[in-house]
Structures are given as C-alpha cells and as structure tokens.
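Trainee: Protein sequences appear in the order of chains A and B.
Taking my numbering, I'd label the letters of the first sequence as residues 304 to 567.
Taking my numbering, I'd label the letters of the second sequence as residues 41 to 492.
By construction, these hints were calculated from the structure, which means they are not laboratory data.
Just so you know, even glycine gets a beta-carbon here, dropped at the ideal spot from N, CA and C.
Hints should not be assumed to be uniformly reliable.
[Unchecked claim] Covered stretches of chain B (in silico footprint by chain A; criterion: 3 or more residues with CB under 8 Å from a CB of chain A, positions within the stretch not fixed):
(1) 253-264
(2) 329-337
(3) 343-353
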Amino acid sequence: MQNLLKSLAVLSALLMVSCATRKEVVNLKNDSFYIRSQIDSLRAEQRRLRATIVRLTNLTEQSTEANNRLRADIQVQLNQLGEQSQILNDRLEETGRRISNLPSKIRLTTPVMAPSPDTTNSATRVDTAQVNAAARRQLEETQRLYDSAYRDFVKGQYALAQQGFVQYLQMFPESDLADNAQYWIGECNYSQKKYAEAIQAFQTVITKYPEGEKVPAAMLKMSYAQIASGKTAAAKENLAALIKRFPQANEANLARTRLQELPH
Amino acid sequence: MKNYRSSESDSRCVDSILWAFVFLFVSALPNQILAQTEVRLRAETRSSARLPIELKPSQLRDQATKELGQRIVDILDNDLWTSSVVAAYQTEESRANPDALRLELALSRPTGPIRFAVQTKVSLVQKKLTLEGQLLDSATNKTLDQKIYRGCPENLRLLVHALADDIVHSLTGEKGIAKSRIAFTAATGDSKEIFVMEFDGSNLRQATSLKSLNLTPAWSNDGREIVFTSYQRGNPDLFVLDLIPGRMSYLIKDNGLHSAPAWSPDGKKIAFVSTKDGNAEIYVMEIYTKALQRLTQHPAIDASPSWSPTGRELVFTSDRLGNPQLFVMDAEGTNLRRLPIDLSYNDSPAWSPRGDKIAFVSRTPNGFDIFVYDLGTQAVAQLTSKAGSNEDPCWSPDGYRLAFSSTRDGRSEIYSMLWDGTDVRRLTYKGACTSPAWSLNSRPAEEFLCKE
C-alpha cells in the first residue's frame, strides 16, 4: 500500500513537471514571437532614425551654409560700417579744414559785401542777393560757433568752451560778440579756478574793448580772481576803480559789498 | 547783451536730441558689449530710443517666496520703464505665447529685438534679504555685469530701485531715476505741509506737521535734506528738514519774506529770494558759514532762482523790463543776460540737469503752460496746452522728464511727462498739490540699513 502511495506520488510529481514544461514551451513560443515583433519594430525604428539622421545631416549642412552666409553678410556689414566711419572721419577732417580756412574767405568776401552805388544793372542785383544770402549764412555760422561754445560752458566742459571762444575770436575778431567771447574766456578760466589766466583774459576785455558792455563785469570778476589768488591790494584798487567808473551799475553795488568784507 | 537770436523750428531740436541718445547708447556701452553686437546696434538705435531688455523670473533661494520674486520683477519692470532709456519686458508669460511678445513689441512699445536680460536671485535668511542682479547678453547668456544688494524686506523697494539705476547706468551710461523722490506742497485742512513720494507717486508720506503754511520745497544734492519756506513763526522764513532724524532747523529768520530756495548742485549753497533789504532780490547763502551774498540790485522784483548744473550760473525771473522775463547771471551776480524768449509773461525757470535746456511757464489763455527753451539753439517748445493750468516745472535727475502741477483733472495735482510733452503720468490724488521738487537719484546710506 505504502509502495503504491509512493509510486502515485512520483507519478503525480512527474505529471506536474511535464505540465510545467509544456507551459514553458508555450511561454517561450510567445516570448520569441514577442521578441521577433520587437526586433521588427526596432528595425523600423532604425530605418526611421537612419532617415532622420540623413535629414539632420542635410539640415546641418544647410544651416552651416546659412551660418557661413550670415557670417559673410555680417562681415560685409562690418566692412561697410568701417567704410562709413572712414567717410565720416574724412568729412569731419574736411569740415575742420573748411572752418580753419574761413577767416581768409571772409576777408575775400568783405569788399564785395559793400556794393558801390553805381551797380544798378540786374546782374549785379542778383549778385547782391547772393552776397546777402552768403552774409546771412555767415552770420548764422558765427552765431552757431558762439552758441556751441556756450553750450560746452553750461555743460561744464570749460576747456572745450574756451577753445570754442578762442576759435570764435580768431575767426570773427570784428564781430559784435567779440568782447563777449573774450569775457567768456575769462569766465572759463575763473570756473576752473585758473585765476592768473582769468585775470589776464578779463584784463583783455577791459583794455581791448573799453566801450563794450562787458567792462563792469570784467572789472568785477578780475577783482574776484585777484582776491581768490591773494592779490587783495590790487583787487581793492580795481574795485574802487569800478565803483568810480560805473557808480550806477549792479557790479558797483557788488563791489561795494565786497570791499566792506575785505580786511582793511 | 547781443548774443541771442530768434527761435528756430522745434523739430530740429527733437532730431538732435534723438541723435544725442543714439550717440550716448553707442558711446556709453561697455566695450565688450559693443564688440559683440556692433552691427545690430546700429540698426536698432535708429528705429528706437529705448533699449529693450528681458526680465527673467527671479530665482528663489532659502526662504524666498514666489510672491517676493514676482514683486522684485514687478518693481524692476516699473522702474526701468520710467527711466526713459530702456524698455523692460517680463517674458515668462510670453514664452508660453510667443506671439503676445511680438505683438507687444510691434504695437505698443516700438523697440528692436531684445539683446539683454536681467536675472535676479533673491534669498531670505532670518529677515535678511540678499538681492543679486545679473545683466546678461541674451544671445550668449554671458554675464556682463552683476551686483549684490543686502537689506531687509521693508527696504525691498529701495534695493530694487538701486538695482534698476545700476542696470540703466551699466547699459547706457545714464543716471537712472528709480532712487529719486519728489517733494511737494499739499493742503491739509487750513495748513499746507510738505509731502514726499517716490518718482512714480508711490510711498507717499507727509514730511512736516507744522500746522502752518509750508511752501516751495527744494532738495539737497544728497537727497537727505529739504529746504522750504515756512510761516511757522508768522513770517516766511527758510527751514531745513533733515529727513533721517526728521529734525528741522532754521536757515534764515529775518525781517521780510524769504522764499523760493534752490540748493546749489555742490550742496554748499542755497539761493533764495528775500525782501529783507526792502525789495525782492536774489541772495546766496553758504550753508556752513551762513555767509550771505546779495546777487541782484534792482528796484524791480527778482525771483525764482534756479542753478545751472555746474553751479556757475543762475536763471531767474525779473520784471525789470515791465513784465516777468527770464534772465541768466553768473554765480557772482554779474554777466547778466535776458533770455530771448518771445513770450510776454514768463516765470518759474528750471535749469535742466543736462545743462542745455531751461523749462519755464508762460501765461496762456488757460492760465499757465509749460515751455522749454534750448540754450544751444534758442528754440522755444510748448509742452502743455489746453489741459488746465500747468505750473512749477522741475526736471528729473536724468533730464528726460519734468514734474509739474496741473489742474487738468480739476484740482491741482502733480504730474510727470517726457521732455517733449508726451507720456504724461498723474502722480497724486490728493488735491491742492503744488510746487513739486525732484531730488537727484542719491539716497542717504541710512535708508539702506535695517531697522533693529
């Protein structure tokens, strides 16, 4: 009985094993099918990737080409910029040359600007109109140079402003604003605390343009510059002279106050 | 004096200013930026005066919250837009919808392509705030400039303002205006007090509580003190208010009226009008020595002095020719000239911090309107018209904007506009606000400290 039981147990064990083996075979079949389909899809994927790579390679080539083109364009633009800046530089140089030549031209045109009374024909009238236009342009140019020097002064560019006023005086020594320009040269120096130069420039206003309206201001500022540089005695003399010469001017009142403040 | 001509067309003035901007952009940019972007820069500056920059969302560290990060970007956005030279864009949203950005660029804010970006990083550790600002090249993401600001959550606005001003300076070489403030007079009951607000009208606060008439404020150059006329003693005297301890002191108390003070650009002198010698004249007082100098000596009324940015000259109003006109004299009271402005009643001159312009008011059928006189071209441009009475112009520290009082919406309020009269913004909603005074963009160091 016991033997029978034993053999039954062995048989059932064998049966179970064979069942398992059959199941495994089915599984294996399924797996291999699955793997094959996987391989197929991978192959398809590979084909797609290969196509993509080809496309990308083309794209890269194209974009490299585009990049090169862009770089070339930029280079061209840069070159153009360089050329333009060269042109601008040349123009600037030319303008500078023209400005420095202006005084001689002005001297050349001056006699023409006062037409003689016997010029009555129409051709001369046209000439006169042209000359008048030229004179007007010149006047505008005069004013522009003066204004730009003053603009430098208000922006605190004293050295540049001084240069502008000096240039103005060289070009238009006979202009109405010549004494003003000379005064501003003094003021540019005074603003930079260059008192010796300021004193000299204000002195020029007084001696060179004695009838000019800037004389009281120049006398006052010259005295202030003298005080600032320790020349009190000279300053006192100048202030007294200012009060005596222009007793009604605002500058005389300022001078009186300053004289009182100075040590006796 | 003979050195002035009649007016010229205004358009020439506008053109030259625009080109001045362009030149400034090109000349003020750091060399490395210029080297990278020379070609595009040229095309861009022609089409627009503003330099566009992208504002990236703030990077958050430690206990910094998303709200804090967004607040920083929002304040920065507003600050940079008011600076007049750059245009800021928050592109977080526009990344999801790129067309929105393009549309904005094309329609409302005409600018070129965005080339620069600002990246902020914020951290909050035990109530100590650290704000890092980086200026980046958009194309390469390379850092062009960076700075760290430390403070407390309560002075967050000031830290961001400082960053905004540094960005503007770094990109354009111009001063920003985000740290600047505007003081003005406003009625409170029967009295008039001095009020202070930020450049855009925010953070409004009352600076005096004297229960008297307090008028015509003017800032010290360090943004710490305000000088103003006060009737506190019954007589119009000049007071100086130190904003840090909130302490007041007399500058001058004497017989007669003292008004319209103007602090010199070097901070050492105050020009003002006084009738102490019987007639309204212009005086200058040295602040530390209290030495007083009388500059004008004329039986007519001389008033409203304003310093040139170099402190070498003063523009003021005088009726010595019969009606109020603008005159310029030097800081010593001499070299007097009348500005050749072909209008009959001119007052309240304000010299631009850039030096080349003087804003003023002139009487028109509506009351007053604001005009600008160009010292280089002698051109006069009218900036306001047919919108109430517009008075008391004063310049922003970068010289691009003007603050003024206007009755265009009924009661008198403070407004600001661009130097060409465009982009008008209302800054106050109080009523009876007058005499705005715009500070420089400096703030006293104490304001950056944390309150213990």
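Trainee: Determine which of the earlier numbered hints do not hold for this structure and return their numbers in increasing order.
Mentor: Result: hint 1 breaks, nothing else.
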